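Protein chains in written order, with the numbering used here: chain A, 50 to 130; chain B, 62 to 755.
These are computed hints drawn from the structure, not numbers from a lab.
Predicted, not measured: the structure shown is a model, and the values here were computed from it.
Beta carbons are placed, not taken as given, at the ideal position from N, Cα and C, and that holds for glycine.
Worth double-checking, as some hints may not be accurate.
[Claimed, not checked] Derived lysine-lysine pairs resembling DSS-like cross-links, with alpha carbons at most 27 Å apart:
id : chain 1 : residue 1 : chain 2 : residue 2
1  : B       : Lys556    : A       : Lys124
2  : A       : Lys108    : B       : Lys467
3  : B       : Lys158    : B       : Lys300
4  : B       : Lys204    : A       : Lys108
5  : B       : Lys104    : B       : Lys187
6  : B       : Lys79     : B       : Lys104
7  : B       : Lys354    : A       : Lys108
8  : B       : Lys323    : A       : Lys124
9  : A       : Lys124    : B       : Lys467
10 : B       : Lys248    : B       : Lys82
[Unchecked claim] Computed beta-carbon distance windows for the label pairs:
id : chain 1 : residue 1 : chain 2 : residue 2 : range
11 : A       : Asn61     : B       : Glu320    : 32 to 38 Å
12 : A       : His55     : B       : Gly103    : 52 to 58 Å
13 : B       : Leu517    : A       : Ser66     : 46 to 52 Å
14 : B       : Ile751    : A       : His55     : 56 to 62 Å
15 : B       : Arg361    : A       : Asn61     : 17 to 23 Å
16 : B       : Ile751    : A       : Ser66     : 52 to 58 Å
17 : B       : Lys200    : A       : Ser56     : 35 to 41 Å
18 : B       : Glu238    : A       : Ser56     : 48 to 54 Å
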Amino acid sequence: MTSKHHSFPLSNVKEGSRVRVVEITGGRGLTRRLMEIGILPGTEIEVVKNNFPGPVIIKNETIGSICIGYGMASKIIVEVV
Amino acid sequence: MRFHKKRNNYVEIDLEKKIVKVAIIGNPNVGKSVLFNKITRGKAWVGNWPGVTVEKKVGKIKFNNVVIEITDLPGVYSLTANSIDELIARRFILEEKPDIVIQVVNATNLERNMYLTLQLLEMDTKLIIALNMMDLAEKEGIKINVEGLEKELHTPIIPTIAIKNVGVRELIRRTIEYSEESTPSMKFKVRYDPEIEKAIEMIIEELSKLGVERKLGLNYRWVAVRLLEDDHEVTRILKENGFENIVEKALEVRRELKEKLKTDVEFMIIENRYQNILELSQKYVERSIRREKLTNLIDRILTHPLIGFTVFIVVVYSMFLLSFNVGAPISELVSEALSTYLYPVLRYGIQNEFFSSLLADGVLKGVGIILTFIPILFFLFLEISFLEDVGYLPRVAFLFDRYTSKFGLSGRAVLPLLVGFGCNVPAILSTRVLGSDKERKLSIAIIPFMSCGARLPIYILFTSIFFKGIEIPIILSIYLVGVTVALMTAILFSKTIFHETQPSYIIEMPPYLLPSIQNMLSKSWTYIKSFLIRAGSIIVGISVLIWVLSITGPEGYLGIESLTDPEKISNSWLATFSKTLEPLFKHFGWDWRVIASLMLGFIAKEVIISSMAVIYSVGEENLMIELSNYFNPLSAYSLMIFTLLYTPCMATVATIRSEVGLKYAFMIIVYELMIAYLTASSLIVLAGVIHHGF
Ligand SMILES: Nc1nc2c(ncn2[C@@H]2O[C@H](COP(=O)(O)OP(=O)(O)OP(=O)(O)O)[C@@H](O)[C@H]2O)c(=O)[nH]1
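Bound conformation, chain B alone (with noise of 0.2 Å):
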């Protein structure tokens, strides 16, 4: 415990802060998010558990004397480690060892949520509960008896409403009043089946005779269950620490338990929580009818096969509508002003050329492709955050899972996949809708091939020359060709290195809500400035490098002018790098000019165009007859193909590499680049061997 300090404001000069460690947690939906935004004041460090990719949030905040330092867990129904989600909350609790923990319960679900409640108390904690949704709890006619479970449980319980402040101060307040309380001596056991309390009060004997609380630091009972359990982390714990005889006693504990119990122990204490929990609600939970006409025809009509779909191409449409057309023009604005205002001040404004340059070739550069990305992602989040606390979400999942399934992804991956075909990169961050890691990578892998809009001038451009009259359905071929390369690699990864074929998830289906506009800015506002941060620091950087690589050669430094000038820019790194691969590409009919155009496109791929420009040494008016004297229908073709499917831009790279981590960035990187190859190399083939005959 902690040492105790008196509250006065005025005398009080020492400066040493008390910390209280809290740990936040819940079952899924609960308001968790909502409620440590209130309790942070949107102010938190955002990141990723290690080694997933399981959002982690930790907040520190000041309230008098105190400094509160509170870590958001994730959503979780148990903590048996059923899911990575549930080992990292449960490795926290017990390695961490937080001072308090407080469970955000969703008050119209109570028994479902106590579930986890039994589980945290049998673990020793210090809990504390956070009763949410009281305001729809009120509506659907639940009450619940706080004062008599709170007693019963010897549990503070605050009765809150997330999304509207209501209890919040409270809550933070108790929380600091209870860290500096002792335990309460009196605790609330779970009862088992006589039988098994009977094997509870022996294993506890051993464990108390090997002296294993002292040495681990963990509570008896709760090892006892869990060995009972079967858990293979305490059990892992145990031998690990020279235990096997206990861990061996336990089994043999658990064998003799079936044949008494004719089923099995764990199943069983499954069983006797959900007794006592049910217990607890006939004492304190009251309900009257409820009224939920209007949700069930909601659902109706928005989970109707026909009218659903309708619906959501019709949200989709407008989605799109809005952030484009909202968001399109104020980014073209950004960039105007970037290109007229900023650029000339930073590239002649400075006396030194290269040091010049680099600020406004290389940094403003990279700067103004993340500003140009902003208002873009503003609109499209704030659509989602909408969609997302309206509650449409899980309909849409319900909706195409039958259909998503077949390849290994959950009906949720619908919306990031669509929003794929405007940017990748709201795609990528959006995928924290998803439920679990091997999801989010799933289709994290796959939404580079969802076509941008970036990429759709370059086949604009192409098929304007190529392809007269037929441009449409050759534009739509190759957005088709894209959604099959990502459904066949959404089958082949989640074979090969998910191990798994049908996704297993439980999704839940609230009720539908007006959303709060606070909300839905806060949540946009945090992907932003995941993006902003995370990923912004490695589009500069690779900007700059791109720079460097364009004003440099193997004979040194070629001077600025290499930018602009082709005749410079063909003895660059870039250009050397590109001759030295045109071999790989000669049946594509492309030189080294198309490769270096290509790898320019890393920055953003609608800079393929004016690099062209830039390396044909024509304006971007003329480039459309340059063109024609260099490519052919087929080469032309198999150039739309490996923009599509090659490697991402850098924005894209930059954010999948801070959502996923560098490995697998990397992986998808060199997988898409190998796709790209192969696709376009045996379109050139097929179309030879369709050409020649046999």
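Excised from the complex, chain A in its bound form (with noise of 0.2 Å):
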């Protein structure tokens, strides 16, 4: 289901688009920082705001509204929901 084919950096993704996090790309100390508010492989997120390439705002009810830098955002691998 979740091929490759469909699943891109969350820095790359549109505006008010919902998606899915497949998983996180970075080494384990950011990939652990990312986990550890809210960021799991399976959580939806809503992308508020992108201001590519720049950071991204995210919200979901669990992480909150938050923004992340573009360099955290492009490590973060998602699909569309």
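Mind docking these for me? Both chains are given alone in their own frames, and the hints should help you get the complex.
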């Protein structure tokens, strides 16, 4: 189902779309940091704002509303739901 | 456990007070600072955690018979030790062993906040939850079954609305009460995957065989979980105490588990924690549909590429207008009052001339400079607090980050940097709104290159003599040189000393809120207080030192006339040093008098002009004519560039020192002197090449 073909970095997602996290491709530290605030594989998030190539604002009930930098966003691989 | 004392307000004469050590912790932006201020009623000692630019606040309050000593820990999402903040918070809890830990939780965002809660419970802290922002939760239609959650977690939960002081008293009362109770025997336990639980059991068994808990005072289950999470701190502590074997064993177990689970254990553990949290929230949290139309609408405007920037420019412009148009006249009034009323009293009212001059020309000058800063600081901080509390700053960060991240800065740094054009001191203090230690240090290093208001009169004077008709482009070019040098410095520093080319951060996007005036006032007072206390003494000290160097020389005491007599001042230490340095500045076409004026400019950059007037022995009115004999356009331009870039004024230096420590402050000063010298020199060389051809 989650063929690589349909997944792309969060940094490239259009504003207003809902996506599901597939995997985090960063190092251990980054992966852990993101997971600890609730960005886990399988999590659904809403992309509120995207200032490509810049930061992204994401939102869901667990995470709340946060802004993450381009570097981080480009390491979160997502698929559109 | 501490002794229990019966409360009796009348009979109790025993003055020996019970001290309850409390630590307050929470995710960023949950209202921790506000709550801390409410609990301590604004009375707190503010400093830095040792070795880093992370703010540390400690307050003490008396409540009936008990003294509560409360420490504010940095805002963190977890206690894994991902960042210096997390490490500080964790070490404090493990090493200082506070009697009670209060976690401030954002009720609108319970799930993510509870990740930290679970970690705290696992660490075996005596935890109380302050369920804050209850007003917003209600507005957003979030219902939390507090009693149910309290029971399941075996942890007291006190609903609060920090900004309205709701629940604060109850929180304090419950804290004291809870500190007297014994630790609850029942505990909430995070349920991990069965395979992980098995591994935990096994490690606990090993640990108890070795008696680790007794020796290190660490909870077994916590150590076991941390070992499975590959925690470097715990590993280090165990190794240092001769428990290498258990570390090896845990490593093996991790490897085996990875085979079985087909994923990294530490990630599985995080997922398990969130599964526990989701189960809890399904039971105890009820959400009806949120209405956030307004926030969304404002967001769309403020983060719009075009409108957003326009709004930002208007906001910053009005900020400057208010602080400098209202603040500056008050500053002037203060300094005039000091010089017309207080100065004569000190200078001529005291018999001993030396002593009176020390007070008037040394101490009072320093105090005067400190006082003149206050009105501007007050207004600027009020505005910055307003922008912070209303929720605007994170939007600015979002807007600018795209551009600033190329220089190793996050978008949040834009505001402090812009404030630097007004005055470097508040700019440096306001870097406190930035998240990380690195980011603060980086911004602080480049803020002095933002040409502050005090440097402008010098540009105006020199351009009006040497660049008639093209003053504005010349002055603009100076500002531009400052910004360019700042950005290049940012790249250099972030690549070398900070080893980080792209800032990685998480910024909360709070809903827009009406700020409370009281909170804004208390915030700006905190800023001003730390400037007064921490930077104030240094400023007075330097001012006195410069006074001493002006009235004494190699031949000894010159008399205080030296302050106004150019003949005498040329024999002072100040002149002597300047003359020694003369060869270094020959190619600029400057003699010792310029160098001495620049040295005096350390007091405050605007002092350069009045110092020149004294040293060249002309009134300020005639200074222009006099200067045109000594300078040409090139040496004038290099002087302006040098003024822009060299060591910032002593108030700025003192503030840098108090914010980031002596070592780093010293490094910045040396770096800036070097940059000023090199830039001005290369300008001269370049001009020479252009002028003479090849
Ligand atoms: N509506 C509402 N707003 C609150 C409440 N408590 C705090 N705030 C606001 O929330 C914002 C954040 O509060 P702070 O106290 O600065 O948060 P903090 O947890 O110290 O944040 P960091 O400094 O990032 O760690 C401020 O704008 C406060 O005015 C509350 O109970 N209700």
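Each hint, compared with the structure:
no.: 1; hint: B:Lys556 with A:Lys124; in the structure: holds, 21 Å
no.: 2; hint: A:Lys108 with B:Lys467; in the structure: holds, 25 Å
no.: 3; hint: B:Lys158 with B:Lys300; in the structure: holds, 22 Å
no.: 4; hint: B:Lys204 with A:Lys108; in the structure: holds, 20 Å
no.: 5; hint: B:Lys104 with B:Lys187; in the structure: holds, 25 Å
no.: 6; hint: B:Lys79 with B:Lys104; in the structure: holds, 20 Å
no.: 7; hint: B:Lys354 with A:Lys108; in the structure: holds, 15 Å
no.: 8; hint: B:Lys323 with A:Lys124; in the structure: holds, 21 Å
no.: 9; hint: A:Lys124 with B:Lys467; in the structure: holds, 18 Å
no.: 10; hint: B:Lys248 with B:Lys82; in the structure: holds, 22 Å
no.: 11; hint: A:Asn61 with B:Glu320: 32 to 38 Å; in the structure: holds, 35 Å
no.: 12; hint: A:His55 with B:Gly103: 52 to 58 Å; in the structure: holds, 55 Å
no.: 13; hint: B:Leu517 with A:Ser66: 46 to 52 Å; in the structure: holds, 49 Å
no.: 14; hint: B:Ile751 with A:His55: 56 to 62 Å; in the structure: holds, 59 Å
no.: 15; hint: B:Arg361 with A:Asn61: 17 to 23 Å; in the structure: holds, 21 Å
no.: 16; hint: B:Ile751 with A:Ser66: 52 to 58 Å; in the structure: holds, 55 Å
no.: 17; hint: B:Lys200 with A:Ser56: 35 to 41 Å; in the structure: holds, 36 Å
no.: 18; hint: B:Glu238 with A:Ser56: 48 to 54 Å; in the structure: holds, 52 Å
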